[in-house]
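Trainee: Protein chains in written order, with my numbering: chain A, 106 to 172; chain B, 106 to 172; chain P, 106 to 172; chain E, 106 to 172; chain L, 106 to 172; chain Y, 106 to 172.
Hints in this document: simulated from the structure, not taken from any laboratory.
Keep in mind that a hint or two might mislead.
As the list makes no split between identical chains, a pair holds if one copy fits it or if it spans any two.
[Stated by the list, open to error] DSS-like mimics (lysine-lysine), calculated; alpha carbons at most 27 Å apart, straight line:
hint	residue 1	residue 2
1	LYS140	LYS170
2	LYS120	LYS169
3	LYS170	LYS128
4	LYS120	LYS140
5	LYS169	LYS128
6	LYS169	LYS140
Protein chains: 6
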Amino acid sequence: MPYVNIKVTDEQVTKEQKAALIKGATQLLVDVLNKNPATTFVVIDEVNTDNWGVGGEVVTELRKKQA
Amino acid sequence: MPYVNIKVTDEQVTKEQKAALIKGATQLLVDVLNKNPATTFVVIDEVNTDNWGVGGEVVTELRKKQA
Amino acid sequence: MPYVNIKVTDEQVTKEQKAALIKGATQLLVDVLNKNPATTFVVIDEVNTDNWGVGGEVVTELRKKQA
Amino acid sequence: MPYVNIKVTDEQVTKEQKAALIKGATQLLVDVLNKNPATTFVVIDEVNTDNWGVGGEVVTELRKKQA
Amino acid sequence: MPYVNIKVTDEQVTKEQKAALIKGATQLLVDVLNKNPATTFVVIDEVNTDNWGVGGEVVTELRKKQA
Amino acid sequence: MPYVNIKVTDEQVTKEQKAALIKGATQLLVDVLNKNPATTFVVIDEVNTDNWGVGGEVVTELRKKQA
Chain A
106 MPYVNIKVTD EQVTKEQKAA LIKGATQLLV DVLNKNPATT FVVIDEVNTD NWGVGGEVVT
166 ELRKKQA
Chain B
106 MPYVNIKVTD EQVTKEQKAA LIKGATQLLV DVLNKNPATT FVVIDEVNTD NWGVGGEVVT
166 ELRKKQA
Chain P
106 MPYVNIKVTD EQVTKEQKAA LIKGATQLLV DVLNKNPATT FVVIDEVNTD NWGVGGEVVT
166 ELRKKQA
Chain E
106 MPYVNIKVTD EQVTKEQKAA LIKGATQLLV DVLNKNPATT FVVIDEVNTD NWGVGGEVVT
166 ELRKKQA
Chain L
106 MPYVNIKVTD EQVTKEQKAA LIKGATQLLV DVLNKNPATT FVVIDEVNTD NWGVGGEVVT
166 ELRKKQA
Chain Y
106 MPYVNIKVTD EQVTKEQKAA LIKGATQLLV DVLNKNPATT FVVIDEVNTD NWGVGGEVVT
166 ELRKKQA
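Looking at chain A on its own, in the form it has when it is part of the complex (with noise of 0.2 Å):
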């Protein structure tokens, strides 16, 4: 019965891409624990980039820095 939550910025993530990670990460927990899928929660947030800082930095600034 296991609980995965994936964070992310929420740059377009779109229908497909959230189908296809909790997909992904029920069958990672599948393969290596021999967990059960129909007890596997997948949880996905998506954070603004301007609550998201790495480095003390705020993403949506170092986007910037990157674009």
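Assemble chains B, P, E, L and Y onto chain A, guided by the hints.
Mentor: Positioned in the frame of chain A, the structure of chains B, P, E, L and Y alone reads:
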């Protein structure tokens, strides 16, 4: 000083239902562990059905099959 | 398919109390939101009092003052 | 490689305040534990006041009483 | 810069299995969202079976019934 | 009523360092958002280096390479 986090799918949970979850979860900690309600926090996260998976499938799709 | 996480300090919570928290939290989701208990998860985290702070103070120290 | 999650109510937190929280939390880990800021993550969750409870009451209602 | 949290019951998960979960979850984010693995974190929480409930029952008890 | 969760690897964090993290995180919320410290919680999770991965590698292995 307990902290309770309740994650549910965002399927039209009303203000009254949220208030009932908060009241009920707080009372549970009082009843079972004799905790002080004044320092008991409850946080409810409503998760889009596109972002929640069970059994490797997206809940949005599961709901269509159930309908 | 709710997920409930309960964080409490690790002050001798018994197996019976944990079972009561799990049962009560699951029932709360059934009562308020008509959720299916079979796909309701409850996870209890017991946190050392050295690792929990309120009002800027470590709970271990707060407990000494209360004693 | 610390991970810091800050949950606050969504009461008009500005971009500047978010940047200050990210900078301050990262610096705290550097100062106290000598962590590398480059691999320190900070994620801020803004929670609707309807979804946060203290003392068994919804924060939205507590705010009305305080007003 | 994704963050992945995997919660499983603490039933003799080996170091090799943990390494496989970390490698697999990181690769999933690379494959699906083209994320940079260098800034992808994976944290595994092993939860005592006394502290995990499904369907209102403690997993410790569920395991006895399955045995 | 903020809630702050700090996850770090369990590499001999002292009581004094934990107290400093709790004090500093609480003060940060007071300084930036004018929050009431009395209802600010800080919870520190110490994660085994076998259970934390960065860049697809287990931190235990990364530490050996750094040594």
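Trainee: Take the hints in turn and mark each one as holding or not.
Mentor: Hints and how they fare:
Taking the shortest Cα distances, LYS140 and LYS170 sit within 27 Å of each other only across copies (17 Å), while inside one copy they are farther apart (42 Å). Proximity of LYS120 and LYS169 under a CA criterion of 27 Å is satisfied in both settings, with 26 Å inside one chain copy and 15 Å between copies. Taking the shortest alpha-carbon separations for LYS170 and LYS128, only the inter-copy value of 17 Å comes in at or below 27 Å, while the best intra-copy value is 34 Å. In this homomeric assembly, LYS120 and LYS140 come within 27 Å of each other (Cα to Cα) both inside a single copy, at 25 Å, and across copies, at 17 Å.
For the identical chains of this complex, LYS169 and LYS128 are inter-copy neighbours only, at 18 Å across copies versus 32 Å inside a copy, given an alpha-carbon limit of 27 Å. For the homomeric pair LYS169 and LYS140, the shortest alpha-carbon distance between copies (17 Å) is at most 27 Å, but the shortest distance inside one copy (42 Å) is not.
Of the numbered hints listed earlier, not one is contradicted by the structure.
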